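J.: Kindly generate the complete structure, drawing on both the sequences and the hints.
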Amino acid sequence: MRLFTDGAARGNPGPAGLGLVIEDSAGQRLWGGCRFIGTSTNNQAEYLALIEGLQRVGEWHPDKLEVYLDSLLVVEQMRGHYRVKAVELKPLHRQARALLAGFPDASIAHVRRENNRGADAMANKAIDEYRPAANG
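Residues in the sequence shown are numbered from 45 upward in steps of one, following this note's numbering.
Source of the hints: derived by calculation from the structure; they are not laboratory data.
Since the structure is predicted, the reported quantities are computational estimates derived from the model, not experimental observations.
One or more of the hints may lead you astray.
Unchecked claim - Have a look at the derived ranges for each label pair, beta carbon to beta carbon:
no.	residue 1	residue 2	range
1	H105	A153	18 to 26 Å
2	Y174	Q139	20 to 28 Å
3	R73	D172	17 to 25 Å
For glycine and all other residues, C-beta sits at the position ideal for the given N, C-alpha and C.
T.: So this is what it looks like as structure tokens:
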């Protein structure tokens, strides 16, 4: 299976959303979704998208999982090539690593934004469709 995730924040921090696309090994879309996550930084949104995506794809119990993100920082932190310095990202990183470790054969890779259009569109849709409740 393939999991594409993206987190987006308008402003840093600002209104944020996450987008997820799950495909089979042939590239057929099995599921896509998005969620508004409130105020977040871009990096927090990226991690929250990864966590939610790993939880969702876990429902399929795939033998092999390929995860794709357009956040080079998150990919390199997940691979252990970059340290997680930001205090607010450390618990998200730990949670994502634990979830990824639960798959028997999993890889994580960076993709250019144009190769992550489905998840990117879903993340932006979550922000665009969010409407704060009217006061009073």
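J.: So, for every hint listed, does it hold in this structure?
T.: Now for the hints, and whether the structure bears them out:
{"no.": "1", "hint": "H105 - A153: 18 to 26 Å", "result": "21 Å, holds"}
{"no.": "2", "hint": "Y174 - Q139: 20 to 28 Å", "result": "24 Å, holds"}
{"no.": "3", "hint": "R73 - D172: 17 to 25 Å", "result": "20 Å, holds"}
Hint compliance for this structure: no hint is broken.
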